[in-house]
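Counting in the working numbering, the sequence shown runs from 164 upward without gaps.
Don't take each hint at face value.
[Claimed, not checked] In silico DSSO-like cross-links for lysine-lysine, where the CA-CA straight-line distance does not exceed 27 Å:
#: 1; residue 1: Lys346; residue 2: Lys300
#: 2; residue 1: Lys328; residue 2: Lys300
#: 3; residue 1: Lys328; residue 2: Lys299
#: 4; residue 1: Lys351; residue 2: Lys328
#: 5; residue 1: Lys328; residue 2: Lys354
#: 6; residue 1: Lys354; residue 2: Lys331
#: 7; residue 1: Lys333; residue 2: Lys400
#: 8; residue 1: Lys400; residue 2: Lys299
[Said to hold, decoys possible] Just the calculated beta-carbon pair ranges, DEER-fashion:
#: 9; residue 1: Ser291; residue 2: Glu416; range: 11 to 21 Å
#: 10; residue 1: Val353; residue 2: Leu420; range: 36 to 46 Å
#: 11; residue 1: Val372; residue 2: Leu325; range: 18 to 28 Å
#: 12; residue 1: Gly246; residue 2: Gly322; range: 36 to 46 Å
In short, the hints are calculated from the structure, not lab data. Even glycine gets a Cβ: it sits at the ideal position worked out from N, Cα and C.
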Amino acid sequence: MKRTPVGNGMRGAAFVLGGMAFAAQAAPGDARFDWASCEEIHHFAAQAYQPQSEVLLYREQHRQCRIAGRPRYGTIHYSDPAGAPFAEKWLDYAPGAATPDFQLTDRRAGYTEGARRAGDEVELNRRSGSGPVERKKLPLPDHAVIDSGFDEFVRAQIGRLLRGKPVKLKFLVAGELDSFSFKAHDLKKVKWQGRPAYHLRVEHDSFFVRMLLAPILLWYDAESLQLLEYRGISNIKRADGGRYEARIVYPPESRRLERPQRN
164 MKRTPVGNGM
174 RGAAFVLGGM
184 AFAAQAAPGD
194 ARFDWASCEE
204 IHHFAAQAYQ
214 PQSEVLLYRE
224 QHRQCRIAGR
234 PRYGTIHYSD
244 PAGAPFAEKW
254 LDYAPGAATP
264 DFQLTDRRAG
274 YTEGARRAGD
284 EVELNRRSGS
294 GPVERKKLPL
304 PDHAVIDSGF
314 DEFVRAQIGR
324 LLRGKPVKLK
334 FLVAGELDSF
344 SFKAHDLKKV
354 KWQGRPAYHL
364 RVEHDSFFVR
374 MLLAPILLWY
384 DAESLQLLEY
394 RGISNIKRAD
404 GGRYEARIVY
414 PPESRRLERP
424 QRN
């Protein structure tokens, strides 16, 4: 069956993953964090392509602080194919590894979106251009996932997925000011560019929505559990305001580990 285009609300349920999980140049997101306190700083890159071609859409540069093996905060910087920066995101994992606070700022059209945890609630926000900031508070559900927290959620659930058991999750999507039910399943051992990997499907929990919305496909390194490739809706908008359909590749050779000197 051919998957047909769907409205923004339904597509918003998928784009949350498309900029997962940080860049050398200074920006507001970098300045807000104490990078010297990190035990490790993980640097890596990603390239977003059109789904069925090698046409480059944009690039990502990631920087993530980890303490005691857990993410503490991070930044992502986005640039166009010519290298001009246009957007950045910061993430603070203090509220939870799977439910970080975050804020994305796309300077091309003045678009922002983000999330803030407050106890058992999450406040989602978004703003387009010079319009007002829209906000909505939602209760924090069981198995909640926010933005790049999906990566940590998968790592925590890998044992269950390897046993063939599906994992349900609830995405809180700032760009839609709403939450959506998904399930991760069908984890398989495969090869990704010759390296042992896991292939994972993430689909909407509703059978009827699945008939319209193509699944999100992900590949993880079998040893490190680092994300290798993502295929689905991106969290970055096109010039017309829609979301990119993208194939985002995270080359393992781009990863660099930094250990700050601590007094």
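Hint-by-hint comparison with the structure:
1. Lys346 / Lys300: Given that 27 Å is the threshold and the Cα spacing comes to 23 Å, the pair holds.
2. Lys328 / Lys300: 31 Å, violated
3. Lys328 / Lys299: Between Lys328 and Lys299 the Cα gap is close to 33 Å, so the pair fails against 27 Å, i.e. violated.
4. Lys351 / Lys328: 12 Å, holds
5. Lys328 / Lys354: Cα-Cα ~21 Å, so holds.
6. Lys354 / Lys331: Holds: Lys354 and Lys331 sit about 26 Å apart, inside 27 Å.
7. Lys333 / Lys400: The hint holds at about 22 Å.
8. Lys400 / Lys299: 21 Å, holds
9. Ser291 / Glu416: 11 to 21 Å: The hint (11 to 21 Å, Cβ to Cβ) is violated, given that Ser291 and Glu416 are roughly 37 Å apart.
10. Val353 / Leu420: 36 to 46 Å: At roughly 26 Å between Cβ atoms, Leu420 and Val353 fall outside 36 to 46 Å, so the hint is violated.
11. Val372 / Leu325: 18 to 28 Å: 26 Å, holds
12. Gly246 / Gly322: 36 to 46 Å: 41 Å, holds
Checked against the numbered hints given earlier, the structure breaks hints 2, 3, 9, 10 and satisfies all the rest.
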